[in-house]
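A.B. asks: Sequence:
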Amino acid sequence: MRIKKLLLTAFAGSFLLTTTHAQWSHREGDPEPHPPGKLVEPFTQAEWDASNFAPPEALEWFRDAKYGMFIHFGLSTHDNANLSWGTCRTRKAPDRGAGPVPDEVWQAYPKDFKIEKFNAKEWVEIAKAGGFKYIVVIAKHHDGFHLWDTAQSNFKVTNTPFGRDYLKELSDACKEAGMPFGIYYSQRDWYHPDYMPTDPTGERHKKYIDYQFKAVRELLTKYGKVDILWWDAVWWGGMFTADMWDGEKLTRMARELQPDILLNNRASVPGDFDTPEQRLGFFQDWRPWESCICLTSSWSYGGGEPKSSDQLIQMLVANACCDGNLLLSWGPQWNGEFAPKEKARLLEIGEWLKENGRAIYGTRGGPWKWSSWGGSTRRDRTAWLHVVKAGKIELPALPGRTVLSAQLLNGEKLDFQQDGKTLTVTVPQASPVSIVELTFDQSVDDIPAISDGAAHSIFNDASTYGKIVSRSANVTTSSTSPHFEIDLGRELSVTGVRVLNGAKDDQLAMDRTATLRLSISSDGKTWTEVWKSEKILPQWEIPVNDFVAGAEVPGRKARHLRLETKSEKPGPFHLKEVEVYGFQDQKTAH
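Per my numbering, the very first residue in the sequence shown carries number 1; after that it's consecutive.
Just so you know, these hints were derived from the structure itself, not from any lab. The reader is advised that the hints may include incorrect statements.
[To be verified] When the alpha-carbon atoms are kept at most 25 Å apart in a straight line, the in silico PhoX-like pairs for lysine-lysine are as follows:
#: 1; residue 1: 128; residue 2: 467
#: 2; residue 1: 206; residue 2: 92
#: 3; residue 1: 168; residue 2: 117
#: 4; residue 1: 225; residue 2: 121
#: 5; residue 1: 413; residue 2: 392
#: 6; residue 1: 225; residue 2: 175
#: 7; residue 1: 222; residue 2: 121
#: 8; residue 1: 389; residue 2: 467
#: 9; residue 1: 392; residue 2: 421
#: 10; residue 1: 168; residue 2: 225
Starting from the given sequences, assemble the full structure and let the hints guide the process.
C.D. replies: Following this line, the structure appears as structure tokens:
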């Protein structure tokens, strides 16, 4: 059964929690990211004005592009591990934990670095055929291994059997093909002896900052035009701060060397665009943004299965409708060749884009915001409805605009009705998405995006949170120790729980829901608390996150869930409705 409108004499509760697995820079006065969290770095207006940004016209190509390729490759691929997190035993503070491979072992991997099947031109050809409009390449990850011929370290690609400048060959291939080229550079470095960001003013870390300025200067002077520099030291509620890198000075140097370069927001200064990670973004058309998401369950090659074509297309569509980009990550095998099944999947997306790309590329999100039925993109006198739940779609009419025609992208005409308040279109079902092209009597570009009135839910993002997985769950309750347990019948990746509070008029019951908490378990015996309420709400939406590869990511393996109260006065409380969301397979983070 679906746990729906479950009125229990023993229980009731609901939640809303902030998610913390994405990254936004927020200027005071701008709309708040939904939901906010510790990875939303706040800036005052004065701080924002004192920082540095790309010229507005330099951002237009990026906003038009919509779809970028993120190539993760390095020493960790020796073991098909998930980046430095899946390899390096030593993680220097403030990063936590330890990796599985002793330092003396992984630091010897360069002797096996041959990548004999690497072909930069072929990689760029795959990107073009896959519909990608720009490429971002790892130059250095947290392991400190340099994938270019740097003068700042001997721990580099040219001191391997491969012996060539990997980054230069990719840069040259991109320029030859007219493909915008971006460089990922991590400020974190678990190999460098002077890296000590927890003592940013210490003499040793000052040496590291001097090294870093020289390394970044190399990247921005040796490889021609660089379109994007992708930092990676997420603010994370103050874990990484600008003084650790002299971030304002560092980013200003980058712009002096490359005046039109775009910088992301992971140097603890605002940057030019936000970077949600392993999830889609919310509607945001006042500042550019880009979701970085894995093709498989790993940033670099790990041998896992790629996401389905339908899922990838729906991700791309959802981001475009919310006015953002999708940066899709994959990586080659240790021999330098991409796995055939991964390459094939990307080419499938490329074929879909050949037929449907006009509703994606060069568009802006809106004029209707993303909702349960889907979302919209627009350009001049045309708006496209990207419908994931087909049927009768009713939308608020656009002020001062008249629809002249409605059709599918194959030219099939559709019936529609409009009056001064409502536009209604009946949309046939198509997989993975039905796209309806609406032609108006005049441009719709300048109309502020509007909502269709549906309640916002984080669980509308099916690409991140999956679907309801509790329809056939078994429920057990206890009135002596107020809790109830949900048995999903099998272990899967639980991404979130939605709870509707039934405690309205009973003050004692409402007081108890204020102590509501959620725990999960794989065996029903050992429990891990993952959330507790901070206040009484009519509804809570609870993301269930895990800490993977340095970030919080939706999804933790569990079969059993328990909702309980810790009130000083035990007694019944009332849950009106509970839904558990998830996937069959666990997802991965950066």
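A.B. asks: For the pair we were handed, residue 128 and residue 467, check the Cα-Cα distance against 25 Å.
C.D. replies: Outside the cut-off at roughly 33 Å; violated.
A.B. asks: Is residue 168 within 25 Å of residue 117, Cα to Cα?
C.D. replies: At roughly 16 Å apart (the allowed maximum being 25 Å), residue 117 and residue 168 satisfy the hint.
A.B. asks: When you check the alpha-carbon spacing of residue 413 and residue 392, does it fall within 25 Å?
C.D. replies: The hint holds at about 15 Å.
A.B. asks: Does residue 121 sit within 25 Å of residue 222, going by the straight-line distance between their CA atoms?
C.D. replies: 19 Å, holds
A.B. asks: Does the structure keep residue 225 and residue 121 at a Cα separation of 25 Å or less?
C.D. replies: 18 Å, holds
A.B. asks: Would the pair residue 389 and residue 467 pass a check requiring their Cα atoms to be no farther apart than 25 Å?
C.D. replies: 14 Å, holds
A.B. asks: Check whether the Cα positions of residue 392 and residue 421 lie no farther apart than 25 Å.
C.D. replies: Holds, at roughly 16 Å.
A.B. asks: For a C-alpha distance cap of 25 Å, please report whether residue 206 and residue 92 respect it.
C.D. replies: 16 Å, holds
A.B. asks: Given the hint that residue 225 pairs with residue 175, does the C-alpha gap stay at or below 25 Å?
C.D. replies: 9 Å, holds
A.B. asks: Can you confirm whether the C-alpha distance between residue 168 and residue 225 stays at or below 25 Å?
C.D. replies: 12 Å, holds
This entry does not satisfy hint 1, going by the numbered hints stated previously; all others are met.
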